[in-house]
Amino acid sequence: KNQVEQSPQSLIILEGKNCTLQCNYTVSPFSNLRWYKQDTGRGPVSLTIMTFSENTKSNGRYTATLDADTKQSSLHITASQLSDSASYICVVSPSSGGSYIPTFGRGTSLIVHP
Amino acid sequence: DSGVTQTPKHLITATGQRVTLRCSPRSGDLSVYWYQQSLDQGLQFLIQYYNGEERAKGNILERFSAQQFPDLHSELNLSSLELGDSALYFCASSSASGRNNEQFFGPGTRLTVL
Numbered sequence: 001k002n003q004v005e006q007s008p009q010s011l012i013i014l015e016g017k018n019c020t021l022q023c024n025y026t027v028s029p030f031s032n033l034r035w036y037k038q039d040t041g042r043g044p045v046s047l048t049i050m051t052f053s054e055n056t057k058s059n060g061r062y063t064a065t066l067d068a069d070t071k072q073s074s075l076h077i078t079a080s081q082l083s084d085s086a087s088y089i090c091v092v093s094p095s096s097g098g099s100y101i102p103t104f105g106r107g108t109s110l111i112v113h114p
Numbered sequence: 115d116s117g118v119t120q121t122p123k124h125l126i127t128a129t130g131q132r133v134t135l136r137c138s139p140r141s142g143d144l145s146v147y148w149y150q151q152s153l154d155q156g157l158q159f160l161i162q163y164y165n166g167e168e169r170a171k172g173n174i175l176e177r178f179s180a181q182q183f184p185d186l187h188s189e190l191n192l193s194s195l196e197l198g199d200s201a202l203y204f205c206a207s208s209s210a211s212g213r214n215n216e217q218f219f220g221p222g223t224r225l226t227v228l
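Chains as they are written, first to last, in the numbering used here: chain A, 1 to 114; chain B, 115 to 228.
FYI, nobody ran anything at the bench for these hints, they're computed from the structure. Accuracy of the hints is not assured; some may be wrong.
What the hints assert, rightly or not - The calculated lysine-lysine pairs, modelled on DSS-like cross-linking and capped at a C-alpha distance of 30 Å, are: (1) K71(A) x K17(A); (2) K71(A) x K123(B); (3) K17(A) x K57(A); (4) K123(B) x K171(B); (5) K57(A) x K71(A); (6) K171(B) x K1(A).
Please build the complete structure, drawing on both the sequences and the hints.
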């Protein structure tokens, strides 16, 4: 069964600090991995997408890494801001067959305090 | 604003009832996806339509059905509602059906079943 596990479940940091969120997956074969940011009560917004051959992808203060051998990804947030408070969701898509059914992690809830 | 619209924003109904959720994709997008998000499950993929045809099916109950109309808007019908159906329901759209296409999420419909 395809699974995506995220850690930690929740995280509290001070404004200006860095943090790293983890994502482990069992989806195989693997097509791509996305990180989404979801503000409370709103729809998710894509931050990064990485395919099998990519190791890192940046989007401003967000940097995602991927190790396809160990099936692990991380999202690093630099110099956190209050607006980074949100849920961060890891989503992995399979590459088999003609259907497209992504597997979502349960997310990491990040709270940034002033 | 993602360009995806969903109505209604909130819906309160009773067990056993039937409701219809509506989604209008971004202009030009052919693919529509439906997701359910509850507190203990995270985002769950329900179903995908591409240009009016069902493309992929996820964890969608038999009591739920969906369709995509010629103007590309989509409706999700939920019947014989149970308390456990209370959740946020998101619609997303993308330009094509491929798994690498970014999905843009709507603001969601919050369904409360009493």
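Between K17(A) and K57(A), is the straight-line Cα distance small enough, at 30 Å or below? Answer holds: K17(A) to K57(A) is near 20 Å, not above 30 Å.
Tell me if the straight-line CA distance from K71(A) to K123(B) falls inside 30 Å. violated (37 Å)
Keeping to a limit of 30 Å between CA atoms, is the pair of K171(B) and K1(A) held or broken? holds (16 Å)
Quickly compare the C-alpha distance for K71(A) and K17(A) to 30 Å and report which way the hint goes. holds (27 Å)
Just to be careful, I want the Cα atoms of K123(B) and K171(B) compared with a cutoff of 30 Å; is the pair within it? holds (24 Å)
Are the Cα positions of K57(A) and K71(A) separated by 30 Å at most? holds (16 Å)
The structure is inconsistent with hint 2 alone, although it conforms to all the rest.
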